[in-house]
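Enquirer: Based on the sequences and whatever the hints tell you, model everything.
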Amino acid sequence: MTTTLPTIAKEAVSIEIGGMAIALRTQNPSFRQMIENRYAGFLGTSPSSHFEFDIDLYEPSESTPANDDLEVKIEEGEWLLQRGDFRARWNPDAGHGQIRQACSPYAIDCVLRIIHSLLLARQGGFLVHAASAIRGGNAFLFAGVSGAGKTTISRLAPPDAKLLTDEISYVRREGNRYLACGTPFAGELARVGENQSAPLSALFLLEKGLQNSIEPVGAVEAVQRLLRNILFFADDPELVELVFQSACEFASLVPIRRLVFVPDQRVWDIIR
Amino acid sequence: MMAEKYVARSSAIAARLLGGEMMVMSTADSTFFTLDEVASAIWQAADGRTPLSEIVAGKICQEFDVDREQAQRDAARFVDELSQHGILLVSDQPLMESSPSPESR
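Keeping their order, the protein sequence lines are chains A and B. With the first sequence counted from 1, adding 16 to any position gets you our numbering. With the second sequence counted from 1, adding 101 to any position gets you our numbering.
FYI, nobody ran anything at the bench for these hints, they're computed from the structure. Some hints here could point you the wrong way.
Claimed, not checked - Computed spacing ranges between beta-carbons, pair by pair:
(1) Gly234/A x Asp130/B: 23 to 31 Å
(2) Ile90/A x Glu164/B: 39 to 47 Å
(3) Ser229/A x Pro152/B: 45 to 53 Å
(4) Gly120/B x Ser229/A: 18 to 26 Å
(5) Asp148/B x Pro175/A: 31 to 39 Å
Claimed, not checked - Computed footprint of chain A on chain B; a stretch qualifies when at least three of its residues, placed anywhere within it, have a C-beta under 8 Å from a C-beta of chain A:
(6) 111-117
(7) 147-155
(8) 188-194
Even glycine gets a Cβ: it sits at the ideal position worked out from N, Cα and C.
Expert: Written out as structure tokens, the structure is:
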């Protein structure tokens, strides 16, 4: 269950991704400005948000080595998210959370990814390591690990394609179909995606090759490859099951194909 | 004579039949398995009450063209492997079934 908070306070910035508005409240004007710049195009226009976080900033100590291990778990009914550069608590039912973090954009970016992945898991959706784009009213996902070609396929996109992201795609379930939504989570292109969404037509597993071709993928491989690319942070059996079932559902409703491609623009001629 | 084995699906798993193949994932460590037809039949019959030898004789040997002794050895190996990952529970006494049949999902 989500709670809609009444009004965003003056110092809060609302970031809306996939139709989910999260208000971030900070008393530091320069940090607020940084958030507004980084998430430009995804700033909420609605006066209310689904969740609200108070951010408490600190300067990282040079004497304390950063711990990069990420931990995401439920503790006393609240989600606890922590890494070397942040520690956050979030109560989804109350619609509220606190973030104590280093004064850096990476910490808040990671917290937002985790929050969205947890929210999507309950709704049959997910965040996935994939570029995505809308063309002709349909969305396409291009999934792969680092080096598979997400940035390349994004760079090669024709002018009539709207790039939703070159790194982390947002997949939301809506009845018996899936929507791909733009995200501000950028990869090598360092460019936020278009804040748009469209019904998903296909997911392509990227593979660089000597010629352009689209090949069928068996159900098991499709699910396995999809699971490998879904962003999953929590060490929680219930969520593992939700993500597994979501991947299976997705594979049963959306065509998953292997896209073998050479890095030139003609690859987009076969994407339908 | 070997002691009888009873097998039951663990509750710490997620399973799904898709495209004719059974996929099983441990929710404890995210280990992913795919089961072939024979393994899938054993998996689905693992109700904790039916002895493994009876599953093999009454189901596997009836539905598949396999030698009974070979099928018993293969079934024992399969059950051992999945039990090591906590996906199947094995006992020399009848067990309560922990997980509903994946076909009912």
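Enquirer: Is 45 to 53 Å respected by the C-beta to C-beta distance linking Ser229/A and Pro152/B?
Expert: holds, 50 Å
Enquirer: Starting from the hint 18 to 26 Å, judge whether the C-beta atoms of Gly120/B and Ser229/A obey it.
Expert: holds, 22 Å
Enquirer: Given the range 31 to 39 Å, decide if the beta-carbon distance of Asp148/B to Pro175/A lies inside it.
Expert: At 59 Å between Cβs, range violated.
Enquirer: Go ahead and decide if the range 23 to 31 Å is satisfied by the Cβ distance of Gly234/A to Asp130/B.
Expert: At roughly 24 Å between Cβ atoms, Asp130/B and Gly234/A fall inside 23 to 31 Å, so the hint holds.
Enquirer: Are three or more residues of the stretch 188-194 of chain B within 8 Å, CB to CB, of chain A?
Expert: violated (count 0)
Enquirer: Count the residues of the stretch 111-117 of chain B whose CB lies closer than 8 Å to any CB of chain A, then report whether that count reaches three.
Expert: Held - the stretch 111-117 of chain B has 3 residues with a Cβ nearer than 8 Å to chain A, which meets the minimum of three.
Enquirer: Mind checking, does the stretch 147-155 of chain B have 3 or more residues with a CB under 8 Å from chain A?
Expert: Coverage by chain A is violated here, the residue count being 0 at a Cβ distance below 8 Å.
Enquirer: Does the hinted range 39 to 47 Å hold for Ile90/A and Glu164/B at CB?
Expert: With a Cβ separation near 43 Å, Ile90/A and Glu164/B satisfy 39 to 47 Å, so the hint holds.
Hints 5, 7 and 8 from the earlier list are contradicted by this structure; the remaining hints agree with it.
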